[in-house]
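Q: If you want the building blocks of each chain, they are given just below.
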Amino acid sequence: MKKGLFSLAMVAILLLTACGGKTAGGNATNGSPVQITYMEWGDPAELDVWKAIVSDFEAANPNIQVNVDVSDWDSYWTKLKTLLAANTPPDVFAMDAPLYLDYQSRGVLLNLQPFIDKNPGMLDGLFPNTLTAYQTPDGYFGLPRDFQTIVVFYNKDMFDKAGVPYPQAGWTYDDLRATAKALTKDTNGDGKIDQFGYVIDPWDFEPGMSEIIWAYGGDLINADHTQTLIGEPNARTAFQFLHDMMFIDHSIPDPNTSSQYGGDLFLSGNAAMIAMGHWAVPSYSEAGFKWDVVEMPSGPAGQATSVNSAGFVVAKDSKNPDAAFAFIKFVLSTAGQTRLAEMGFACPVLKSVAESDAFLKQSTSIDHQIFIDSLAFAHMKPVFKGYDEWSSTIGDGLTPMWNGEAELNPTLDQIVTQADEVLANNK
Amino acid sequence: MEYGLRPLGREKFWFWVMLAPTLIGLTFGALGSILATLGLSLTNWDLLRPPTWAGLSNYLALFKNPAYFKALTNTFKFSAMYVPGVVIISLFVAVLMNRKIHGVSIFRTIYFLPAVTSAVATALVWNMIYGRDTGILNFILNRLGQPSVCWLCTKNALMSVVVVNIWGAIGEGMIIFLAGLTAIPREYYEAATIDGAGLFDQFFSIALPLVTPSIFFQTLMSTINAFQAYDYIYMMTRQGQGDSSVPVVVFSIYRNAWNFFNYGGASAQAIELAVLVILLMAFYFWLERRYVVYE
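Sequences listed follow chains A and B, in order.
Letter 341 of the first sequence, counting from 1, is numbered 341 in my numbering, and no numbers are missing.
Letter 22 of the second sequence, counting from 1, is numbered 22 in my numbering, and no numbers are missing.
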């Protein structure tokens, strides 16, 4: 048991020993270049793009050197928290908008407002709804870097083979259900469905669930983040709709079914449609079939999708806040945003670049404009302190229902109670 | 057991010098961490701000936390199936492997392989075995005219992961028991054979009593492993947002600390788990005095 305790307590030791350490930051005044660290999550492929951005930046700012550190999503947050606790944080680091306030409210982020004030007009070219997430009463403690809207990706080959027309802009959830049903098949005749019409992420609101809740006139959480609203009648109707697709039509695979296909059913060619963000474009571009994207369908309360952004923040303890801000400013400039757009993972937050060929004419020839147009009816993925625990509570709570082991309504009742407790504890 | 060699004079100095690396490691690594965890369990700490005193509130909160209770129940259920499973099956395998048969070392290697294979890789293979529609196990069941079973659905998942964990632990258990069995002098068996005892009697009257020290050791070790079990379970039962259909206490500790900014609560869970294991160990040592035979 000592060992079991050990792994956790290692953290404590790490902190005790690391408290004295400080980053060896250079000094801007004597000729040697200032060194800053930029840390983010991402694919190894993204590291190359960031190195290109950094070399552009260093060419323009010869007195600043940037070290880029890329980790996978899970290790990124563990590493970041450990570095912050040890008082040796990276100068600039990537932030997922929903988690932003978990850090901002704990006082580890630098207020960027004074820097922004010194650069009037700096934010003018950015999409306003990508900025909202980072606003606080005290100003911006972070800025968006790129954004994601959710659209429906569809497998053209699968539609052609079944003789089903492609989904068109302006379609409804009833159209989606009928289309999905028509594409759900047992292709090898063993009595089990192995081609599904539609795939959502049944744990995370972002790809699939929040869009339909909003389209049915429901919401996830109230404005001051004290009440979970997924048990309200409109949200329930939306959940019932997905539930029916899963358990009556079998056109959405339940989690036990999809886990057998190891990850992404769309990519493996077992699903005709999936609710997904632009981050999937690079990996889908290697798929062995033709595909395209279409806007999310509309429901009784109109069309809705989700917008979320990845952003930048600067550590409050950064020794070189000016250099750190200069780097952010560069990534938000036309040159930096163009590089990011070419990377193909996300949509640029700078409007002029999002509307330029750098984004719209990428090597993957789909209609990238749809991701930008979707902003018109996008709702922001919630941003508040305790988001991670709240969304995990809901995701965990939904699992028995999606597995067909619990009824919809009692499950939602129970989740709302538990999620509201989490909200109260995180006040 | 107390009559070992005792260091004398100058030897004493080197005795401590040689032990120093381990002792320093234990003091600062293990003991320091345990004390730090104990201290942290009495605070509210989110890692980013200085800890604040919380008294026993983290411990009291555990009683009202359904997720923790579920994790604790799973850990106990898991241990109750895993420990006897590992001890009995690996003893059985060791007895089989303790005979003069051709290629015995190949068999021993095969049984030990899971212990040296990456848990992630083996868990993936087991997922292919357990798959509901695409798994090998259900394929065989269907061929035999039986309906498919959803091995990793909430209902069966605990049992399914216990099987995999036992399978993974047989090799190490076998090594321990083989060492115990080979230490039994041949003469005992010879004498028993002359007295007319069959294989069955030989096992229960000679081998079993004389391997009780190994059984005791293996029970202790597998209990500790059971309470720490995490890798296979997480790989086979994880779902979406970091959840698991068989959450165990170690999983709950990790998630509270790293995902929910709740290091104080996570430390309290760790301490409570440690106390439960210590109580269990005390019970084992009480059993040892009564039932374990040392030659």
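Don't take each hint at face value.
[What the hints assert, rightly or not] Which chain B residues stay away from chain A? Per the calculated CB distances, all over 10 Å, these:
hint, residue
1, 47
2, 92
3, 103
4, 204
5, 207
6, 208
7, 284
8, 289
[Claimed, not checked] Partial chain A-side listing against chain B, Cβ under 10 Å, derived:
hint, residue
9, 41
10, 44
11, 45
12, 77
13, 78
14, 103
15, 190
16, 259
17, 389
18, 395
19, 403
20, 404
21, 405
22, 409
Simulated from the structure, these hints should not be mistaken for laboratory data.
On a predicted model such as this, the values are computed, not experimentally measured, just so you know.
Even for Gly, the Cβ is constructed at its ideal location relative to N, Cα and C.
Q: Give a verdict on every hint.
A: Going down the list of hints, with the structure as the test:
1. At the 10 Å boundary, the C-beta of residue 47 of chain B falls inside the reach of chain A, the nearest C-beta of that chain being 5 Å off.
2. For residue 92 of chain B, the requirement that its beta carbon stay farther than 10 Å from each beta carbon of chain A is met, with the minimum near 27 Å.
3. Distance to chain A confirms residue 103 of chain B as a non-interface residue, since its nearest Cβ pair spans about 35 Å, more than 10 Å.
4. Here residue 204 of chain B stays apart from chain A, with its beta-carbon at least about 32 Å from theirs, past the 10 Å limit.
5. No beta-carbon of chain A is positioned within 10 Å of the beta-carbon of residue 207 of chain B; the least distance is around 30 Å.
6. Every Cβ of chain A is farther than 10 Å from the Cβ of residue 208 of chain B; the closest lies at roughly 28 Å, confirming the non-interface assignment.
7. Once the 10 Å rule is applied to beta carbons, residue 284 of chain B is consistent with being away from chain A; the minimum gap is 12 Å.
8. Distance check on residue 289 of chain B: its Cβ is at least 21 Å (rounded) from any Cβ of chain A, clearing the 10 Å threshold; non-interface status holds.
9. Given hint, residue 41 of chain A at the interface with chain B, is violated; its Cβ is 14 Å from that chain's nearest Cβ, farther than 10 Å.
10. Annotation: residue 44 of chain A was flagged as interfacial toward chain B, and the flag is violated, the nearest CB pair being 19 Å apart, outside 10 Å.
11. Hint status for residue 45 of chain A: violated, given a least beta-carbon distance of 22 Å to chain B, over 10 Å.
12. Interface hint status for residue 77 of chain A: upheld, as the beta-carbon distance to the closest one in chain B is roughly 7 Å, under 10 Å.
13. The restraint placing residue 78 of chain A at the interface with chain B holds, with a minimum CB-CB distance near 6 Å, inside the 10 Å limit.
14. At its closest, the beta carbon of residue 103 of chain A sits 7 Å from a beta carbon of chain B; the interface hint therefore holds under the 10 Å criterion.
15. At a threshold of 10 Å, the smallest CB-CB gap from residue 190 of chain A to chain B is about 8 Å, leaving the interface hint in force.
16. For residue 259 of chain A, the suggested interface contact is upheld, since its CB lies about 7 Å from the closest CB of chain B, less than 10 Å.
17. The interface hint given for residue 389 of chain A is met, as the beta carbon of that residue sits about 4 Å from the closest beta carbon of chain B, less than 10 Å.
18. Residue-level restraint check for residue 395 of chain A holds (minimum Cβ-Cβ distance to chain B is 4 Å; threshold 10 Å).
19. The beta carbon of residue 403 of chain A is positioned within 10 Å of a beta carbon in chain B (closest approach about 6 Å), and the interface hint is therefore held.
20. Residue-level restraint check for residue 404 of chain A holds (minimum Cβ-Cβ distance to chain B is 8 Å; threshold 10 Å).
21. The beta carbon of residue 405 of chain A comes within 6 Å of a beta carbon in chain B, closer than 10 Å, and the hint placing it at the interface holds.
22. Nearest Cβ of chain B to the Cβ of residue 409 of chain A: about 19 Å, over the 10 Å cut. The hint is violated.
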